[in-house]
Amino acid sequence: MKHLHLHNGWKLLCILVALYFIVGFVAAGPPTIVITSSPSGADVYIGGAYKGTTPLDLTGRYSAGSYALEIRKDGYVSWLGSMVVKTSETTSISATLIPYKGNVYVSSEPGEATIYLDGNYVGISPKTISDIPTGTHSLTLKKDGYYDWDSEIEIVKGRTVSVNAMMETREIPYDGSINIQSTPSNAEVYLNDEFKGYTPIIVRELGPSNYHITLKLAGYQDWDGSVDVSENEQEKISANLYPLTTTEPSETTIPLSLFTVASAIGISGLAIRAIPKKE
1 MKHLHLHNGW KLLCILVALY FIVGFVAAGP PTIVITSSPS GADVYIGGAY
51 KGTTPLDLTG RYSAGSYALE IRKDGYVSWL GSMVVKTSET TSISATLIPY
101 KGNVYVSSEP GEATIYLDGN YVGISPKTIS DIPTGTHSLT LKKDGYYDWD
151 SEIEIVKGRT VSVNAMMETR EIPYDGSINI QSTPSNAEVY LNDEFKGYTP
201 IIVRELGPSN YHITLKLAGY QDWDGSVDVS ENEQEKISAN LYPLTTTEPS
251 ETTIPLSLFT VASAIGISGL AIRAIPKKE
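Heads up: the sequence shown is residues 1 to 279, going by UniProt numbering.
Hints are computed from structural coordinates only; laboratory data are not their basis. Do not take every clue at face value.
Listed below are the simulated DSSO-like cross-link pairs for lysine-lysine, each with C-alpha atoms no more than 27 Å apart in a straight line [said to hold, decoys possible]: (1) Lys51 <-> Lys86; (2) Lys127 <-> Lys142; (3) Lys196 <-> Lys216; (4) Lys196 <-> Lys236; (5) Lys157 <-> Lys127; (6) Lys101 <-> Lys86; (7) Lys127 <-> Lys101; (8) Lys157 <-> Lys73; (9) Lys127 <-> Lys143; (10) Lys101 <-> Lys157; (11) Lys216 <-> Lys236; (12) Lys142 <-> Lys101; (13) Lys101 <-> Lys73.
Across the chosen pairs, the derived CB separations fall in these ranges [claimed, not checked]: (14) Asp228 <-> Phe195: 17 to 27 Å; (15) Pro55 <-> Gly135: 47 to 57 Å; (16) Gly119 <-> Pro184: 53 to 63 Å; (17) Glu109 <-> Asp193: 19 to 29 Å; (18) Asp144 <-> Ser185: 33 to 43 Å; (19) Thr169 <-> Arg204: 21 to 31 Å; (20) Ser230 <-> Pro126: 50 to 60 Å; (21) Val34 <-> Thr128: 35 to 45 Å; (22) Ser151 <-> Ser185: 45 to 55 Å; (23) Ile124 <-> Asp175: 18 to 28 Å; (24) Gly119 <-> Gly207: 25 to 35 Å; (25) Phe195 <-> Arg170: 27 to 37 Å; (26) Thr160 <-> Val34: 18 to 28 Å; (27) Ser162 <-> Pro133: 13 to 23 Å.
Backbone N, C-alpha and C fix where the C-beta goes; we use that ideal spot for every residue, glycine too.
Assemble the whole structure, with the sequences as input and the hints as a guide.
In structure tokens form, the structure reads like this:
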């Protein structure tokens, strides 16, 4: 009888111990495992087997223990490490991937162009730009008086790519101007003797210089002037036109003096006496 009670006691103890571990496991829950990387979208291998891409949640899929971990992404150095899983803890792994790098040598015709890589200023041509992550990148060169040069380049691991940009010239319109007004309006406008239109008018695309201006309007005196135009500036001319003054020629009467009359009579008499008498 005593032996039976002892046997039952051992059975009860075993049951209690089992319940303790079961309840403890349930209370703790399955191991939480989260794997992330920068950049994301990397392939995750555990023990050499592919498990998915980052960010990856492996909660409940692995029991406590240590596992070999590898994270791979094209253009980046593979990340190697271990994943230690504990029953009562969260396992969180964040891998920063290091990109493979290459170089590019940039020259241009003409030289001394401003270089932009992926929209960021990197220097003046010619120049070697180092430690560029492998893959496709945008390259832009800019220079005053030339069209922008744009291209895509492929950076290869451990190599230097050469690029020579042939830049095309472009004509840049001048941006000076003259705002010409007159009173009265509708006068003809001549700029350096070249007809431009009628007032009011804005003459645009003028280079830095001195310009001679003539305004003409029927019935009014011509207006002449000059103005200095600077780059990016607008000059203003306001001209007052004056009417032409017309004077009619007048007849002047010269008064006859007594001396004038007498002289005329005397001359006439002499002329009469000088005529010979006919026989």
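Results of checking the hints against the structure:
About 19 Å separates the Cα atoms of Lys51 and Lys86, which keeps this hinted pair within 27 Å; it holds. Pair hint Lys127 plus Lys142 holds up; C-alpha atoms about 14 Å apart against a cutoff of 27 Å. Distance restraint check for Lys196 and Lys216: the Cα-Cα separation of roughly 12 Å lies within the 27 Å cut-off, and the hinted pair is therefore satisfied. Taken as a hint, the Lys196 and Lys236 pair is honoured in the structure, with Cα atoms around 16 Å apart against an allowance of 27 Å.
A threshold of 27 Å between alpha carbons decides the hint, and for Lys157 with Lys127 the separation of about 19 Å falls inside it, so the pair holds. Proximity of Lys101 to Lys86 is assessed by CA-CA distance (about 37 Å); at most 27 Å being required, the pair is judged violated. With a C-alpha separation of about 17 Å, the suggested pair Lys127 and Lys101 falls inside the 27 Å cut-off, and the hint holds. Taking the CA atoms of Lys157 and Lys73, the gap is near 14 Å; set against the 27 Å cutoff, the hint holds.
This hinted pair checks out: Lys127 and Lys143 have alpha carbons roughly 15 Å apart, not beyond 27 Å. With a CA separation close to 5 Å, the supplied pair Lys101 and Lys157 stays within the 27 Å bound. Our distance criterion of 27 Å between C-alpha atoms is met by Lys216 and Lys236, whose separation comes to about 18 Å. With a C-alpha separation of about 25 Å, the suggested pairing of Lys142 with Lys101 holds against the 27 Å cut-off.
Taking the CA atoms of Lys101 and Lys73, the gap is about 14 Å. The hint holds against a cut of 27 Å. Distance hint for Asp228 and Phe195: a CB-CB separation of about 22 Å, consistent with the stated range 17 to 27 Å. Distance hint for Pro55 and Gly135: a CB-CB separation of about 22 Å, inconsistent with the stated range 47 to 57 Å. As the Cβ distance of Gly119 to Pro184 is approximately 55 Å, the hint placing it in 53 to 63 Å holds.
In this structure, Glu109 and Asp193 break the distance hint of 19 to 29 Å, their C-beta atoms being roughly 41 Å apart. At roughly 39 Å, the beta-carbon separation of Asp144 and Ser185 lies within the given 33 to 43 Å, and the hint holds. Checked against the hint of 21 to 31 Å, the pair Thr169 and Arg204 passes, with Cβ atoms roughly 22 Å apart. Evaluation of the 50 to 60 Å hint for Ser230 and Pro126 yields a failure: the beta carbon distance comes to about 35 Å.
Between Val34 and Thr128 the beta carbon distance is about 42 Å. The supplied range of 35 to 45 Å therefore holds. Separated by about 53 Å at the C-beta atoms, Ser151 and Ser185 satisfy the suggested range of 45 to 55 Å. At about 26 Å, the beta-carbon gap between Ile124 and Asp175 stays in the expected band of 18 to 28 Å. For the pair Gly119 and Gly207, the beta carbons lie near 33 Å from each other, so the given range of 25 to 35 Å is met.
At about 29 Å, the beta-carbon gap between Phe195 and Arg170 stays in the expected band of 27 to 37 Å. The hinted range of 18 to 28 Å is not satisfied by Thr160 and Val34, whose Cβ atoms lie roughly 40 Å apart. Distance hint for Ser162 and Pro133: a CB-CB separation of about 18 Å, consistent with the stated range 13 to 23 Å.
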